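Chemist: Sequence:
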Amino acid sequence: LAIPASVDFFSLLGVQAAQGRTFAPADLEHPCTVVLAHRFWQSRLGGQSGLVGGTLTLGQKPCRVVGIMPEDFSFFPKQTNLWTLITPASDYTKHPWDWSVGVFGLLKPGVSRASAEAELTALQKRIIHESPEWERLNFLPDVLDLQWEFNWLTGRNLQTSLILLFAAVVVVLLIACLNVANLLLGRALERHKELAIRAALGSGRGRLMRQLLTESVLLSLCGAVVGMLIAFGCIRYIRTASPIDLPPGNPIAVDGQVLIFTTVLAVLTGLLFGIMPAWKASRLDLNEVLKESSRGLSGGIMSHRAGRALVVAELALSLVLLAWAGLLIESVARLSSTPLGFRPDHLLTAHLNLPSTTYPKPQQRLRFYEQFMRDASALPGVEGVALSPEFGSEGNALAVEGKPSISTPVGPTVSEQSVSVGYFRVMGIPVLLGREFDSSDRENSLPVAVVNQALAREFFPNESLIGRRIRLGNPQDGKPWLTIVGVVGDVKSTTVFKEMGYVENPTVYRPLVQDPVSRVSVFVRTAAQPPALAPALRREITNLDPLLPSPEVQTMEQWLAQFRSQPRLRATLLSIFAGLALLLAAVGIYGNRHSDGFGRRARRCAAPGGRGRDCPGSGGCGNRRYGSAGPDKVPVESALRCQAQRPRDACSRFRAPDGRDAIGRLHPRVSGDESRSYGGLEA
Numbered sequence: 001l002a003i004p005a006s007v008d009f010f011s012l013l014g015v016q017a018a019q020g021r022t023f024a025p026a027d028l029e030h031p032c033t034v035v036l037a038h039r040f041w042q043s044r045l046g047g048q049s050g051l052v053g054g055t056l057t058l059g060q061k062p063c064r065v066v067g068i069m070p071e072d073f074s075f076f077p078k079q080t081n082l083w084t085l086i087t088p089a090s091d092y093t094k095h096p097w098d099w100s101v102g103v104f105g106l107l108k109p110g111v112s113r114a115s116a117e118a119e120l121t122a123l124q125k126r127i128i129h130e131s132p133e134w135e136r137l138n139f140l141p142d143v144l145d146l147q148w149e150f151n152w153l154t155g156r157n158l159q160t161s162l163i164l165l166f167a168a169v170v171v172v173l174l175i176a177c178l179n180v181a182n183l184l185l186g187r188a189l190e191r192h193k194e195l196a197i198r199a200a201l202g203s204g205r206g207r208l209m210r211q212l213l214t215e216s217v218l219l220s221l222c223g224a225v226v227g228m229l230i231a232f233g234c235i236r237y238i239r240t241a242s243p244i245d246l247p248p249g250n251p252i253a254v255d256g257q258v259l260i261f262t263t264v265l266a267v268l269t270g271l272l273f274g275i276m277p278a279w280k281a282s283r284l285d286l287n288e289v290l291k292e293s294s295r296g297l298s299g300g301i302m303s304h305r306a307g308r309a310l311v312v313a314e315l316a317l318s319l320v321l322l323a324w325a326g327l328l329i330e331s332v333a334r335l336s337s338t339p340l341g342f343r344p345d346h347l348l349t350a351h352l353n354l355p356s357t358t359y360p361k362p363q364q365r366l367r368f369y370e371q372f373m374r375d376a377s378a379l380p381g382v383e384g385v386a387l388s389p390e391f392g393s394e395g396n397a398l399a400v401e402g403k404p405s406i407s408t409p410v411g412p413t414v415s416e417q418s419v420s421v422g423y424f425r426v427m428g429i430p431v432l433l434g435r436e437f438d439s440s441d442r443e444n445s446l447p448v449a450v451v452n453q454a455l456a457r458e459f460f461p462n463e464s465l466i467g468r469r470i471r472l473g474n475p476q477d478g479k480p481w482l483t484i485v486g487v488v489g490d491v492k493s494t495t496v497f498k499e500m501g502y503v504e505n506p507t508v509y510r511p512l513v514q515d516p517v518s519r520v521s522v523f524v525r526t527a528a529q530p531p532a533l534a535p536a537l538r539r540e541i542t543n544l545d546p547l548l549p550s551p552e553v554q555t556m557e558q559w560l561a562q563f564r565s566q567p568r569l570r571a572t573l574l575s576i577f578a579g580l581a582l583l584l585a586a587v588g589i590y591g592n593r594h595s596d597g598f599g600r601r602a603r604r605c606a607a608p609g610g611r612g613r614d615c616p617g618s619g620g621c622g623n624r625r626y627g628s629a630g631p632d633k634v635p636v637e638s639a640l641r642c643q644a645q646r647p648r649d650a651c652s653r654f655r656a657p658d659g660r661d662a663i664g665r666l667h668p669r670v671s672g673d674e675s676r677s678y679g680g681l682e683a
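Okay, so the sequence shown: first residue is 1 according to my numbering, each after it adds one.
Simulated from the structure, these hints should not be mistaken for lab results. Only a predicted model underlies this, so the values are computations on that prediction, with no experimental measurement involved. There could be a bad hint or two in this list.
[Claimed, not checked] Here are the simulated BS3-like cross-link-like pairs (lysine-lysine), alpha carbons at most 30 angstroms apart as the crow flies:
| id | residue 1 | residue 2 |
| --- | --- | --- |
| 1 | K108 | K61 |
| 2 | K78 | K94 |
| 3 | K61 | K78 |
| 4 | K78 | K492 |
| 5 | K479 | K94 |
| 6 | K78 | K108 |
Between the sequences and the hints, there should be enough to build the whole structure, so can you do that?
Modeler: In structure tokens form, the structure reads like this:
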């Protein structure tokens with residue numbers, strides 16, 4: 001893809017070439033001068049050195065290479081391979097009516113957009129007064145912000161993705177912070193004695209809170225460092241896979257702004273979610289804390305209502321995110337499974353661009369297309385070949401013979417598309433009424449058209465339309481009346497404003513032989529695996545014209561996968577975040593229950609006479625006689641008996657409320673403090 005540019009294009013943008021230089025006024029004397037994109041230099045030219053100052057053949061013209069742009073430079077469209085200099089001898093200067101260009105400029109300091117538009121309007125009126133033929137260009141002197149235009153062109157759907165993903169990240173961060181706050185609350189309350197001693201030695205409440213908040217912020221900063229390391233790896237994957245279409249000039253990178261944002265967010269997070277544990281732990285009653293002695297943990301640390309409320313909030317947020325991800329996955333699944341109106345399987349696609357210098361006349365282009373279709377159809381495994389313009393025409397006014405004309409501002413959008421013979425058969429689009437185009441439809445024959453169901457429903461409800469005549473465009477355009485010879489099924493398409501859905505635009509198909517354009521898309525229906533025929537297809541194009549660039553050939557399924565890559569990536573990332581949120585909530589629940597149970601056991605075992613089976617130092621199995629002797633004095637046979645027990649025995653399944661073993665209930669005549677001999681073992 002070669003984009004024409006003026007001599008001051010790169011200097012206006014303030015960018016320099018990585019190798020060589022950009023355009024200079026002296027280059028206007030040369031017939032063809034180009035600057036290469038870094039991606040094109042690496043992928044198509046092998047990154048060969050010494051290319052600057054050399055020559056490339058572009059459209060059968062030798063072009064001098066003066067520079068290679070940096071890797072991080074991009075402009076719309078991002079598929080640009082090189083930039084060609086607009087010179088006084090170029091077609092853009094000789095035939096300005098045939099081309100459309102974008103005009104870029106820098107506003108002087110203090111000049112508003114309204115002032116610039118007023119000056120351009122005055123300039124337009126003066127030009128039209130001097131050259132009335134310029135009035136038909138319908139030039140609109142609107143001044144638009146370039147970054148806003150880029151965001152509209154490539155970032156219109158990216159904004160939705162960023163909002164969804166940023167919301168998911170915020171939810172996961174909130175869940176993680178609630179989890180950490182819960183743990184910090186437990187840790188701070190466990191240090192009651194330490195904090196009480198510090199307070200007794202003269203530390204005020206503010207100093208204690210500062211100590212706990214410092215620990216919280218350090219923990220948050222450690223998490224930020226780990227997160228940045230993970231981000232570096234993810235960015236490398238995103239750059240390689242390239243599933244996201246970003247506006248030009250906005251590369252994905254971890255730069256200084258990202259580091260500052262992450263650091264500030266980590267500090268604020270540590271302060272915000274560490275202040276409640278710090279405030280709660282610093283509320284000390286020195287007399288009560290110092291009197292606790294060996295009673296263990298007081299107040300049921302992790303069973304506190306605050307801890308349980310945090311866990312409930314975690315689980316609620318994770319379930320909301322999980323439901324959100326499920327809905328998005330369902331949307332992507334419906335997008336992928338919706339019938340498109342044609343068969344994408346076993347279909348190869350490529351693009352052909354015939355240079356106007358070699359094929360200036362429609363008859364020359366038509367002969368090339370017909371010869372290519374004959375040669376490609378003869379390849380083994382090929383079932384059919386069809387052509388269609390790479391860019392269709394939309395927004396046409398439609399006039400129906402015998403009815404008032406309908407203009408597109410108030411009516412539906414009418415698309416125009418030229419197709420070759422056999423196009424509907426190759427694409428798998430059903431012919432519902434009448435016929436498709438055949439060899440009898442030539443450039444000098446009756447102008448005919450095939451319409452889709454959407455147009456028939458909109459303009460011919462409950463009417464017979466075979467043989468009716470329609471005309472596209474305004475009457476002054478001089479376009480011919482078209483006779484409808486057939487009706488085909490609708491093909492779903494997307495719009496720039498509707499990424500996750502399809503539309504069925506009213507479409508008028510015309511024979512390609514009656515309007516042979518220079519840029520077409522090639523569709524090849526194969527019986528074998530489509531990728532195996534890609535080299536043969538390129539070879540046929542080279543045989544017809546060795547100077548034509550070798551096209552990129554891909555399957556229709558690959559093209560559809562690229563189209564669905566961004567919604568699929570969005571659903572995948574959201575699912576990962578939802579799973580991570582659920583995992584964090586589960587960890588929080590486990591930590592709460594585990595710590596709560598540990599606190600109860602600690603208080604029970606620390607109480608006077610609180611020996612039990614799960615208390616350290618007890619003989620197990622409720623053996624209070626040996627439990628009081630300490631762990632180093634338990635007889636071996638008692639330990640062996642406890643190890644030999646199974647989970648289903650009475651000793652492990654039943655326990656009396658007063659601390660006696662359930663065996664005392666099963667044998668009421670035997671007290672819990674008595675012992676008997678069973679097979680040489682004391683019980």
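Chemist: Would you mind marking each hint as holding or not holding in the structure?
Modeler: So, going through the hints one by one against the coordinates:
A hinted pair counts as satisfied when its Cα atoms are at most 30 angstroms apart, and K108 with K61 does not qualify at roughly 39 angstroms. For the given pair, K78 sits about 28 angstroms from K94 by alpha-carbon distance, which is consistent with the 30 angstroms threshold. Of the pairs offered as hints, the one joining K61 and K78 holds, with about 24 angstroms between alpha carbons and a cut-off of 30 angstroms not exceeded. Proximity of K78 to K492 is assessed by CA-CA distance (about 26 angstroms); at most 30 angstroms being required, the pair is judged to hold.
A distance of roughly 26 angstroms separates the Cα atoms of K479 and K94; the hinted pair therefore holds under the 30 angstroms criterion. Annotation: proposed proximity of K78 to K108 holds, straight-line Cα distance about 28 angstroms (limit 30 angstroms).
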